[in-house]
Structure formats: structure tokens, C-alpha cells
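Enquirer: Produce the complete structure using the sequences and hints provided.
Read top to bottom, the protein sequences are chains A and B. Per our numbering, residue 1 is the first one in the first sequence, and the count goes up by one each step. Per our numbering, residue 1 is the first one in the second sequence, and the count goes up by one each step.
Just so you know, the hints here were simulated from the structure itself, not pulled from any lab data. The model shown is predicted, which means the values in this text are computed figures rather than measured ones. A portion of the hints provided could be inaccurate.
[What the hints assert, rightly or not] Incomplete in silico selection of chain A near chain B, CB under 8 Å:
1. Lys207
2. Ala236
3. Arg685
[Unchecked claim] Residues from chain A shown here face chain B by an in silico Cβ test under 10 Å; the list is partial:
4. Arg92
5. Gly215
6. Thr230
7. Tyr274
8. Thr347
9. Met348
10. Pro350
11. Met396
12. Glu430
13. Leu658
Each residue gets a CB set at the ideal place from its N, CA and C atoms; glycine is no exception.
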Amino acid sequence: MSTEQLGPALTRRTLLKTSAVAGGGLIVGVNLTGCASAPTLGAEGDLSPDAWLQITPDDRVIFQLDKTEMGQGVITSLPTLVGEELNLDPARIHVHLAPVHPRFQDPIQITGGSTSIANRYQPLRQTGAAARDMLIGAAAERWSVPASDLELEDGAVHHRGSGRSARFGELAEAAARQSIPKNPTLKPASEFRWIGQSVPRTDRVTKSTGQAAFGIDVGMNGQQLPNLATAVVIRAPRFGAELQGFDAQEARKVPGVIDVIAVSSGVAVIAKGYWPARQAAGKVDARWSEGPLKGLDSASIEAAQRRALDEQKGRNARNDGNFARAAEQAHRVIDAEYVIPHLAHATMEPMNCTAWLHDGICDVWVPTQGPDIVQAVAAEAAKLPRNKVHVHSTLMGGGFGRRGIPDYAAEAVEVARLAGRPVKVVWSREDDMRHDFYRPATCNRLRAALDDNGTVTGWEHRLVGPSIIGTLVPDFLGALMPTWVPGGVTNVLGRAGGAVIRGRDSSSTEGAADLPYAIDHVRVESILHDPGVPIGFWRSVGHSQNAFVVESFVDEVAHAAGADPLAFRLERLAGHPRHLATLKLAADKANWGHPAEGRSQGVAVHESFGSVVTEIAEVSVENGRIRVHRVVCAIDCGLVINPDIVRAQMEGSIVFGLTAALKSKVTLKDGGIRQSNFHDYDLLRMDETPVIDVYFVNQDAPPSGVGEPGLPPIAPAVANAVFAATGQRLRTMPLRLA
Amino acid sequence: MVEFELNGVPRRVDMPADTPLLWVIRDGLGLPGTKFGCGMGLCGACTIHLDGQPIRSCALPLSAAAGRRLTTIEGLGAGPAISDLHPAQQAWIEGSVAQCGYCQSGQIMAAAALIDANDDPSDADIDRALSGNLCRCGTYPRIRAAVRRAAELKRGGEAVVQSFDPSVAVAPVGGLPA
Numbered sequence: 001m002s003t004e005q006l007g008p009a010l011t012r013r014t015l016l017k018t019s020a021v022a023g024g025g026l027i028v029g030v031n032l033t034g035c036a037s038a039p040t041l042g043a044e045g046d047l048s049p050d051a052w053l054q055i056t057p058d059d060r061v062i063f064q065l066d067k068t069e070m071g072q073g074v075i076t077s078l079p080t081l082v083g084e085e086l087n088l089d090p091a092r093i094h095v096h097l098a099p100v101h102p103r104f105q106d107p108i109q110i111t112g113g114s115t116s117i118a119n120r121y122q123p124l125r126q127t128g129a130a131a132r133d134m135l136i137g138a139a140a141e142r143w144s145v146p147a148s149d150l151e152l153e154d155g156a157v158h159h160r161g162s163g164r165s166a167r168f169g170e171l172a173e174a175a176a177r178q179s180i181p182k183n184p185t186l187k188p189a190s191e192f193r194w195i196g197q198s199v200p201r202t203d204r205v206t207k208s209t210g211q212a213a214f215g216i217d218v219g220m221n222g223q224q225l226p227n228l229a230t231a232v233v234i235r236a237p238r239f240g241a242e243l244q245g246f247d248a249q250e251a252r253k254v255p256g257v258i259d260v261i262a263v264s265s266g267v268a269v270i271a272k273g274y275w276p277a278r279q280a281a282g283k284v285d286a287r288w289s290e291g292p293l294k295g296l297d298s299a300s301i302e303a304a305q306r307r308a309l310d311e312q313k314g315r316n317a318r319n320d321g322n323f324a325r326a327a328e329q330a331h332r333v334i335d336a337e338y339v340i341p342h343l344a345h346a347t348m349e350p351m352n353c354t355a356w357l358h359d360g361i362c363d364v365w366v367p368t369q370g371p372d373i374v375q376a377v378a379a380e381a382a383k384l385p386r387n388k389v390h391v392h393s394t395l396m397g398g399g400f401g402r403r404g405i406p407d408y409a410a411e412a413v414e415v416a417r418l419a420g421r422p423v424k425v426v427w428s429r430e431d432d433m434r435h436d437f438y439r440p441a442t443c444n445r446l447r448a449a450l451d452d453n454g455t456v457t458g459w460e461h462r463l464v465g466p467s468i469i470g471t472l473v474p475d476f477l478g479a480l481m482p483t484w485v486p487g488g489v490t491n492v493l494g495r496a497g498g499a500v501i502r503g504r505d506s507s508s509t510e511g512a513a514d515l516p517y518a519i520d521h522v523r524v525e526s527i528l529h530d531p532g533v534p535i536g537f538w539r540s541v542g543h544s545q546n547a548f549v550v551e552s553f554v555d556e557v558a559h560a561a562g563a564d565p566l567a568f569r570l571e572r573l574a575g576h577p578r579h580l581a582t583l584k585l586a587a588d589k590a591n592w593g594h595p596a597e598g599r600s601q602g603v604a605v606h607e608s609f610g611s612v613v614t615e616i617a618e619v620s621v622e623n624g625r626i627r628v629h630r631v632v633c634a635i636d637c638g639l640v641i642n643p644d645i646v647r648a649q650m651e652g653s654i655v656f657g658l659t660a661a662l663k664s665k666v667t668l669k670d671g672g673i674r675q676s677n678f679h680d681y682d683l684l685r686m687d688e689t690p691v692i693d694v695y696f697v698n699q700d701a702p703p704s705g706v707g708e709p710g711l712p713p714i715a716p717a718v719a720n721a722v723f724a725a726t727g728q729r730l731r732t733m734p735l736r737l738a
Numbered sequence: 001m002v003e004f005e006l007n008g009v010p011r012r013v014d015m016p017a018d019t020p021l022l023w024v025i026r027d028g029l030g031l032p033g034t035k036f037g038c039g040m041g042l043c044g045a046c047t048i049h050l051d052g053q054p055i056r057s058c059a060l061p062l063s064a065a066a067g068r069r070l071t072t073i074e075g076l077g078a079g080p081a082i083s084d085l086h087p088a089q090q091a092w093i094e095g096s097v098a099q100c101g102y103c104q105s106g107q108i109m110a111a112a113a114l115i116d117a118n119d120d121p122s123d124a125d126i127d128r129a130l131s132g133n134l135c136r137c138g139t140y141p142r143i144r145a146a147v148r149r150a151a152e153l154k155r156g157g158e159a160v161v162q163s164f165d166p167s168v169a170v171a172p173v174g175g176l177p178a
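Expert: Quick look at the structure:
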């Protein structure tokens, strides 16, 4: 694969986008991981029309959950799609957390980009429908009756005329011998029994009784790994600093300590349990090089970004008409600068991974969004071929993009290899906060041209920041290359690929370049500036910051034009029916223009991951403190598979977004992260959480994204409400009143 | 050697007396339901009951448990039927509160202690009892609703019958020796 082929096409969206074609199932085109052999799913005699489903002779219906569960509810919503076609209550389906398998790669096996439901809606229904037809075919042969007289109900095939019935399990072996139908007929939407209903989450009991096993729980609860040890790693105080030596004499004296060793990421302290390991780590004297980022802090990054905006010209992500001329001819030009900080993911479950090299294989138990990326980096760390690495995904205590990066898995495999025993590496909260891949910091300058009627004629958005894909690809593309490419070549290709991709990465301009408003002259310019801080995908990625910038500045333009912010949007979005529908629904439910006594309203609308969301925030400002009382959310995400789960994702996205809007930022000091734990990286709390009302704009369109689209509009909705309340336009996150 | 009662069973633990109870419970006694979130008593994921009071087990040493009664999420409700669980757990299940679920043991322990002491908590009471428990998935609106519902159940409200098949409900982690 040449970098030229890779470069133009590779955006986050194409990385995550399925190669599924409508109605034709999933075609695995490019298998980036080069997984040579597929693991066997199920056993001889199972009915398995496709890798996702096995119906066993002992009458279990097993669903292979290839998308990993981090709270977003795929553990319930994906089996629902199969169950619907089998006429089987999803609560009766056994969910297995799937291994790496070529069938699950599209083209990599990753959970992200709000794609799980959208990408699996057709293939999983087809899988269920194929099994249905094969079960019916087997029963028709057994009873010598026409297939058209048979129906599925409660996990059995029934014959209407004779009252005969047979369990799925009884028919599984015979059904497995039927040919797999290519294009089975799918149930019409009018007959859906579970799709569109709030099927209760099937993990609600285990997650309310302490039984749900996360990565950090591997090896507990009766499932023992022989001689399992716990390790903590002392990591560099600055990004890029290298270990020069260490003294572990005192650390080794701590009872329970097994060994203290140098690893690629620092010094690993291996012990019989977390506490002795952590205590001993405090006694290790590690010496580090200064590293390339010494002296770097957030203020210097911001200053460099401003210099870049002053002096450099970037790439036009969009250039409609001629903004410069529009500005010259304008009656009035307004401008503003918006500043966005770095943010940490701060999943509640800190990074962790358990690895065991034995009998020529490497088992990896890991809470991950990307099991095949884990497999690739684990193979390198284990010095084994990829097909000798068995990745066992666990439930995740949150992901939000952090767990798509496999650094913590590669580290655990290396520690386990050097330790010669199974090891669980557990990060402290401080490790997790200071060694994240952060939401990038950006600086944005905007100008809008208005004519003498107050009509907006031009819009310019210049932003400066790093490229997520461009920085990640050099580190991880090498690991994803097919195994026949020699290691040295993959490293070179990786670096070259990074350079090519950096210039074209749309993740920094998504939600900015696709400004939907009817404005004649629009220019969006992206300047690359990479200070070297590790960055990654953070729930809703570029949208998370660009929606704040764009929808706040739209509000500024509306006020400059003397228009009501809602009316301005409705007028300028006339060509976007989905935007209009969510705006109108939210405005109606929030009683726009009539906030409760002492409160003010702000509105924002944003499209991301195929869905459109409007949010209206009702806030008050008391003693200089912003208080969000209520948020009305209207979403168009196409067909809603599970309304209660979608509602939960909107609630969660709004809370996640409010933390970014009101509470937290990560700052650099001397090349390292200043924050360390929840006392200086605070999250929104119960007493700060608004009432959240979620409404759906019903669409016949196929399902689109849900996990992320609720987040982008909340920060601008709140900032716009604060402006309405105080006249202060807050252009820096987190929002702070003067 | 420190002796205490855990989930109704007398236990003797031979670990250093300054070991935080969290790690006594997880690494020493093998109970995984109590979670590690911050190690500084800042997030509430490790909340357990000490003589019925909610405490942060990551910030309390083993020595503090001597002769006391400890309850973790595993010992909160009688189970295994949903109707035998603590009203807080029943309300959590009914309301599908959990998303990732990692913080929920701590949330439920905090909520259970609240409604055991006060079966008609106000919003301010709920804020006071639960605002120290962080949830990154943002389940707070459902937690508030579930606490109210749990209090209603505690006062004798009728539970919504919920059934589940434990053999189906647990998605097994692969590759582990039985």
C-alpha cells in the first residue's frame, strides 16, 4: 500500500466507515491488519449464517458483539436487530464479546464515530433473516410442509396447520446444512416488535449488582489466572522524556514486590497486588532526560497559535465565493477570537490491561475500542505473529475515544513478557490524566460581513491546531500494516503517511467547513501547528469544539443583525429541513422566548455523524456563577432503534459537554500535564446537572449516529444563554464570567 | 491480623494495616464490585458502608475496619431475584440507570445509605448525598429519578416486576480458565 493511496482517502470517517453497500451486506475490502487466520466462532453443528450469530444444538442463540460496549448500549441494541428478524426477545440472546475476526473489520475492528448502529443495521438484520429462512427450510423438510406455513415465535418454528413446533436448537444442525440465502427478505418496519421500542438494557442487572466484569476485574471473581501479578508503571514527567536510569533498592524492600524493571514507557513495579506496587513505585528514584517538550506550557502554545494566525496561510477547507471582496464591500465586519483548551477523557475506569504469554501464544484481556489495533501492537510487544495473539475484549468503564489508542495494551504485553508471568497493569488516576491523548487545543479567528440591511454576506473562519490523524498514524499505522511488510518499511511509510495525511485531515475542520447557513461567501482555513502534545479522538472530535465556535459566532452575527437567534437560524437554514425540524421542535418544547422567571435561553443546532441536534439551554447567573437549569434536546437520528438508549446518550452527551463548557481544562507546564486527579480536573456533578428533556424528530431514514451528536450543541447553547442573561460573550472554554 | 464483618461474614485479614480498604476488598478478598477511580476519595467509585455509613474505601486504611461491619455492593441486597435486592438496586434496574456502569456500585451504595436513613429525601438531600459521586457517562438525571423511586419502594411502593435470566445476562469475558 502506498502512502499516496492512503493519504487522500484516509480520514477518521473513512477509517471508521463501513464498506457495506446497501442491501449487499458487508464487503471486507482492505484488510489492514492482515489477520491471516480467523478464529472459529461457535462449534460444529451450530447454525451460523454469518459470523455474528450462532444457534447451537443445545438451543442457545449466541450473538458475537463485535462492537465493544463502553456504556453506549450496543450490548442491547445490536442483538435487537438480529432478534427482530428471528422474532426472538433480545433478552433471550446470549451476548459474547467477540474476538478479532476479519468479518468484523470494516476495514478495522473499531468502535467509534457513532457508527455501530448505522453500519450494522442492514447486515445484522440480514444475518437474522438468513437464520430465520434456514430454520424454516429445515422444518419444512422435516415435516414436509410448505415453508410459507411456518413461522418463528419464542425461539421455535411453528406450523400453523398442525400445531407442530420445534425449538431452534432442535433444528440447528439441519438448518446449518441449508444453503445460506443471499438476500433474505427483511421484516417490514410496520411489523417491528422490538426495533423502535425501549428494550431494557440487558446489562442493567449486572451493572446494578457489582457483577459486571470490566478490564480491571479480570482474574477476579473465581476466574483465576495462575500467578497473576499487578504492575504499575512510573511514566515520564514530560512527554517524550526518556528513562536514563533508576534506583529501586528501597522499592524492592516493600513486602509483596516481585520485581522492578525498565520497560519502554518507564519503570514497571510488579507486585502481589496494586497497593504494594503503588507504594513501592513511590520509592523508586527514576532519572529522565529533558525531552523535546521541556519548557512548553499552555500559554506558549496559545501564543504560537496566535502567531501562526498572524503570519501563516493555511489550507482552505472551504472557499465559496470571495470572502475578501465581501468584507471590502460590507457595511460592517464583526470579528472574534475563540480559544479551546486541551481536554482529557477521564474515563471512570483508569487504563488497564492484562496479558499472559504462555505456550507460544499471548492472551490479552483489555477494555478497548479497537481489538485488532491491540492485536497488532501486542504482537510487536510479544514478539509473536499476530495470529498467536488472542485479544479478549472486556466491558469498558467508559471509552469516549481514549480506548481506541492501544498504548496501554502494548505496555502490558511488554511487562508480562519481561516478567514471565501473567500481569495486570493498572494505571493510577494520575497516570491516566497525565498520559492521555488529549482533545486538541485550537485557536479560532472569525469574521462576518454584513450589508447595510444587516444581511450577512460573508463568513470567514481561520483556525489553527494539530492534526489528530496525522499524529496518530505514524505511531500506529506501522502496527496496522500487513505482516509481510518489513518493520523498517512500515515505520518509514508510517511517517510519510503522517505527513501526507496531516495536510488533509478533516477532523480539525469538521463542523466548521460544513457550515450549513445560507451565506454567499464562506472561507474556512485550517493552519497546522503541532506543539507535540499527544492528541486523540475525544467524544465528537472536531465537532466538540467547532460547534462551540461556529454556533456562538452565529449568535453574534444574529445579534449584530438585530435578529432573534432562533429566527435568524430558521431563515438562514431554510434549505436544511432536518435542521429546521429539530429547531422548531426544540423551540416549541422549550417555549422559546418565554424562559422561566430569572432565566435566559440560548439555542444551538449542529449536524454530526449523520444526525442533527438542536439544544436549548435555560440558564441563570447567580453571584457570577453560571447555572444550567434545563436543556431541551431535539434529535433527528433517522430511525430510532431504542428510544430509551438514545435518550440516555443525549443525557450523557449533554452532561459530558457541560463538563467541557463549565468545568475542566488540561494545561501544560514545562512539557507535562499540570492536572492530576479530580480535584484539579473536576467533572459535572449531580447538584449541577440540569433537567434534560429529549425529543425525537421522527424520520423514515435509516439510523444515523447517536453516541456523539448530542454533545456539540450544548456548549454554544449555554454560552448563548449566558450572553442573553448578561450581555457577556464568552469565547474561551471553559466559560468564565468576567 | 485485622478482624471485621464483611457482608455478614466474619473475616480475618493479614495485610499491612495501612492498606486502603479498597485494595483489601479487591486484591485481598477478591470482591470486584467496589471500584478504583481516583485513590484519593474524590470520585466515590469505591463507596462502601462502614456500620451502615457510606465511606470512601480508597481513603480509609484496613486498621479503621477493626471490629466494624462492612458492606459492599455484593452484600447490599439479598438477591438473586431482583425483588430481593435493595430498593436502590431495584430502582436502578427499573430505570436502566447504568451506561458503562463502572461508577454505579459507588452511586448505589451512596444512594442506599441515604434512603436507609431517610425514605423521603428532598432534591437537596439527594444533592448532598450523591454530589460526591462522579459519573463520566452523565447518568445523573437517571440517578436522581432512581433515588426518588427507591425511596418510594422503601416506603412500600409496588415494584415493577422485572425478570432476567442470569445465564443470558452476563456477557462472559473470553479466554479465562474456569
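Enquirer: Failing hints, ascending?
Expert: Those not satisfied come down to hint 2.
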